[in-house]
Amino acid sequence: MYAMETLYIYCLQHPRWFDSLSRYVPGGDHLAVYRDTMPRDWGLRRRGLWFIADPPQGRLKAQGWKLHLSTRTEDSVRMLREALPILRDHGAQFKFLLDPKAVSMVNGKIWPRGSSGKFFTIYPEDDDQFRSLALELSTKLKSFQGPYILSDRRVEGSSVVHYRYGGFAGIPQVRSDGAVNLMIAAPDGTLVPDIRHPYWNAPEWVDVDPFGKPAGDIVDENDAGEEELLGGRFDVVEALQFSNRGGVYRAIDSQTGLEVVIKEARPHVQIGSPGMAQECIDVLRKEHRLLAELSDSPYFVTPAAIFDEWEHCFLAEEFVSGNQLSQISISSNPLYTQELTPEHFSSYYTRMLGMFEQFAAALEEAHAKGIVFGDLSWTNVLVEEDTDRVKLIDLDAAIQIGTDAPLGVHTKGISSPENMRTGVPTAQGDLYALGAMLFGSIMLLNTYLGYRPEALPSFLRELQSDLGVPADFVELISELTDTSQPLRLDAGHVRTRLAAMSITSAENWPETIPLARPASETFDRDRVEQLRKRTKETVEGISKYLRNTATTERDDRLFPADVGVFETNPLGVAHGALGVMHVLHHVDGEVSDQLRGWVLERTIKPTGTPPGLYHGLGGISWVLSELGYTDYAKSLLTDIGDNPLLHNDHDVMHGSAGVGMACLKLWHEGGDEHFLDVARSIGDHLASTALKGTVGAYWEATDAEGTVSTPLGYAYGSSGVAMFLLYLYAAGQDEAHLKLGRAALDFELSHAVELNEFITTFRGDADPDRDAVFRGYWDRGTAGVLTALVRYVAVTGDPELEAWVDRLLPDICRKYAVLPQLFHGLAGVGNALLDVAQFAARPEAVAEAWRTAEGILLYGIDCPEGIAFPGEQAMRESGDISTGSAGVALFLHRLANSQETVAPNLNFMLDEILPRRVDRT
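Going letter by letter, the sequence shown gives residues 1 to 921 in full-length UniProt numbering.
None of these hints come from the bench; they were simulated from the model. Hints should not be assumed to be uniformly reliable.
Below, simulated BS3-like cross-link-like pairs (lysine-lysine); rule was C-alpha separation at most 25 Å, straight line [said to hold, decoys possible]:
| hint | residue 1 | residue 2 |
| --- | --- | --- |
| 1 | 544 | 533 |
| 2 | 140 | 101 |
| 3 | 412 | 109 |
| 4 | 634 | 605 |
| 5 | 692 | 739 |
| 6 | 142 | 213 |
| 7 | 101 | 412 |
| 8 | 369 | 140 |
| 9 | 213 | 140 |
| 10 | 101 | 142 |
Label pairs and their computed distance ranges (CB to CB) [to be verified]:
| hint | residue 1 | residue 2 | range |
| --- | --- | --- | --- |
| 11 | 213 | 386 | 49 to 55 Å |
| 12 | 241 | 62 | 54 to 60 Å |
| 13 | 28 | 555 | 24 to 30 Å |
| 14 | 903 | 114 | 27 to 33 Å |
| 15 | 687 | 213 | 28 to 34 Å |
Just so it is clear, CB atoms sit at the ideal spot from N, CA and C, and this is done for glycine as well.
With these hints in hand, go ahead and build the complete structure from the sequences.
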C-alpha cells in the first residue's frame, strides 16, 4: 500500500477515481508570463505538474549540480517575471510548476518532504554557469521568501535559491515491484539511486560543492531535533514524526523535569483548503492561544511554551503516554477479535463510553468558550494508558468564533457534510463528528463513509441486526449524523445520554450474538439462493462497469485502478489492464477486440518490465496465454531465467516464486519443457538461498531503502513460496521440492499467534517490532496461509497440518472488514474460505463464504456505468483485481458457481496440475 499522502495526491484530479497529476488542467497565470518573456524558438513541454523549457541549442547532461527556487504561493507569478529573463539570457534548461495552485500543492502540508517547496528546477551546463546563475538569481530574488527546501542547501545570502547534486535527465531502473528508481552514475559507472531525502545527502564521491564547501553530510540549520531548543530548556529525546510542515519531538523540560511534546512549524508552508490556507506558523500560534484558553480543562493538553528558533516556530505541550482512541478500539473491539459474546461487548463498551463521555465533556467546555474544532477525528483523541483519561490534541483546525478564520480542512467520513461543503466549523459539526466516531466504535469504516456518506444508515442497520446493538445507542448515532434536520442536542445532552446507555450491561445484549452463530445454521437453502441471485447480478454489474469505464483513448491506464497503475505499469495483473481482462475472460467468457487491441498496441520490453507474477512479465504472459496469444506469451518468458531482477525477491507477488508459477502455467498448457526447466531452476535457487529458522525455512526481503525483513503470508512470505514448491512437486515429482515447501509452511505456522480463546492469527512479519498488526487477509495474514495450507493437507493428508486448518479457520469466518477487496479485504478472505471447503473437506466454510459475500455487497456502489467497489483505503472507486471491483468479481463469480462442488480459484492458481484427489468437496 502507498502512503496516505500519496493517495491524497492521486485523489486531487477526480472525484471518483485515482488519477495522475498529468491530468491536472492548469490555469494560465504562469504560462502568460512565460509566453511574454521567452523567445519563440524555445521549446515548452509538460511532464506531470511541470512545464519544461528547452533552449534551442541546449543539451541536457545526465547529472550534476542543479538549482531550485522556492517561493510563497502568492508570489509565484512575480518570481517568474523576475527569474525568467536571467534563465533566458543564460540559455539554461529549466522547469517550473504549472500554476499557483500547483505551487500551493507543493508547498502544502501533505506534499512529500523530499520534493516539497521546489517551484523551479534549473539545470546549469557546468559549474561556472551554476555559480553565475546562483549569484544573479540570489541578487534578483533577494526580496522573495519561500520554504526551505529540505533536500538542498541554500545559496549563501538567499532565502529562496537552493542547490543539490542529482540527476538531470535521470537514468530509469525498474524494480522487481514494478516501480522505477531514478539513478545516477558513480565515477566507476556504478548506478546508485538518486533519492530525494528530506535532508542534505550528497553522493559519497562528491567532495566539495561548486562554492568550495565540503559536500559531506552536515547538520542543517533547519534541523530542529538535533540538540537543544530554547536556550537548553527543552532537551530533545527523539523525533516522533515528520511532515512537510515540520517535525514532532519528545523532549524533557529542564525547568520542570517533565516530558513534553514539541510541535514544529516551518515558514511558508501552508495548511488548509484553496482560498482558506494559512501559514503553518500562524496556525501553530493560534493553537497555543486556544490551548491556553482551555488550560483549566482536564481534557486538553496543557501548553508549556511557544517560541521561535532560527526561522521556525515551536509549541511545547504536555506529553500524553497512551494510544489514540482508534488504536484502543481496533485492539479490543469484539467484532475484530471474534469474541462475540454479551460479556465481551458490554465490557468493551463500558470502557469506550467512559472515554466518549469525556470526549463529549471536552466539547461541552470548549463550546462554552466559543471554541469549535471543525476537523475532529480519531487522531485528536489520546487516552492515558493507566487511567483511561482522555486528552484532546492537535487543534490546528479549531477556531474561536468571531476571532479566527477557518482553514477549511476536514476528515472525510467524520466531518459533517456541511463542514466539508463550507469549510466553516460549527458546534453541530463537532457533534456530527462525535456521532461518526461512535459509529466507528462499532466498526471503523470512516474512509468509506467519507466517500459514500449515504451508506452509513445501511451499515448501521446491518451491524445492529448482526450484533444486537442496543437501540438507544443506535438512536443516538442516528440523531447525531442525521443531516436532514437541525440537531437539537448540545454536547452536554450528548454526555448525559452516553452516561445512561444500556449498551454497557451484558443483559441488554442478545444471549447469543447473531453473528456468533455458525453460518451453516443461519444460511438455509432459500437464503443462499436469494443471495446467489444478488451475487450474480452484482458480478454482471461489475462486468458492465469495467467495460463502460475502459478508456482506450488513454495511454497511462485502461481501467480505473489503484495508484499503483501509475507508479508501476499499465499492463500488470495487480493494478493494470490484464488483471481486469483475466476476470472478464472468466466471468464473461469474452474480451472485446477494443480491449485486446489496447493491450497489443503496447510494446512490452522484457528488459524494461519486471519479471514477477502480479506486477510484471509472469502475470502478463499468463493472461496473454489465456486470451489465445500463446506464442507471444512464451516469447516474453523464454529468457526470463536471465532477467537480472529474477532473484531479487523470493515471493509470489513480484519475486521468483511467482515467476515459477507462470512458467509452470505455460508448461502445463503447451507442454514446452523449457518452462518446466526454468521453474526447476527457480526451485533450485530457492533451495540454495533458504535460511533455516528454529522451525522450518524462510527467505528474507530487502526493500528499496536496504531494510531487511522477514515477511509472513502468501504474497510476500514463505506461504506463497510453499505454494509454488507444491506445484513444482506436482509437476516434476521431486520430493525435495515438497520437503522444502513443507519447511516453508512450517516456518509460517511457527509464527501463528493465539490472540484469544477464539482465534489464532498472524502478523505481517516474523519480527513483531517491524510489524505488530494482526491480519487475516490473503496478501498478509491468515487467509493467505490457509491458501497454501489446505492444498498441502489435500496432497499429503498430514494430520498435523489438518489440525492447523481448524485452528486458523475461525479467523477468516468474517462478514465485516474495512475493505471489500481481494488482496487485503473480504474478497480474499471469502476466496480462502472456498479453498478450505474445496481442499480440506470443510463444507461449512461455503456457508461462511456466503456470509462474507453479504458483507462485501454492502460496499457495492450503483453508478451509471454499472456496479463499482471502492479501492485502496476506500477513498475512490477502483476496477483492478488487487484493490477493486475486478477482484471482488473474481470471488463472487466463484462463489455463485459453487454448488455441488466448489468452482476453481481464479487468483492465479495451478490447481489443475495437482492430483485429482485433492478436491475433497
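Taking 25 Å as the top limit, are the C-alpha atoms of residue 412 and residue 109 close enough? holds (17 Å)
Sort out whether residue 533 lies within 25 Å of residue 544, counting only the CA atoms. Given that 25 Å is the threshold and the Cα spacing comes to 17 Å, the pair holds.
Beta-carbon spacing of residue 687 to residue 213 - inside the hinted bounds 28 to 34 Å or not: Violated, at about 52 Å.
Restraint status (C-alpha distance of residue 369 to residue 140 at most 25 Å): violated (48 Å)
Okay, residue 903 versus residue 114 on CB: inside 27 to 33 Å? This hint is violated: roughly 47 Å between Cβ atoms.
Is the hinted pair residue 101 and residue 142 satisfied, with a Cα-Cα distance of at most 25 Å? holds (23 Å)
Just to be sure I understand the hint, the distance between the Cβ atoms of residue 213 and residue 386 should be within 49 to 55 Å; is that true here? holds (51 Å)
Straight-line Cα separation of residue 101 and residue 412 no greater than 25 Å? holds (22 Å)
Given the hinted pair residue 140 and residue 101, is their alpha-carbon gap at most 25 Å? holds (24 Å)
Check the hint pairing residue 634 with residue 605 against an upper bound of 25 Å on the C-alpha distance. holds (14 Å)
What's the verdict on residue 142 and residue 213, does the C-alpha distance respect the 25 Å limit or exceed it? holds (22 Å)
Range hint compliance [Cβ, residue 241 to residue 62, 54 to 60 Å]: This hint is violated: roughly 36 Å between Cβ atoms.
Checked against the numbered hints above, the structure breaks hints 8, 12, 14 and 15 and satisfies the rest.
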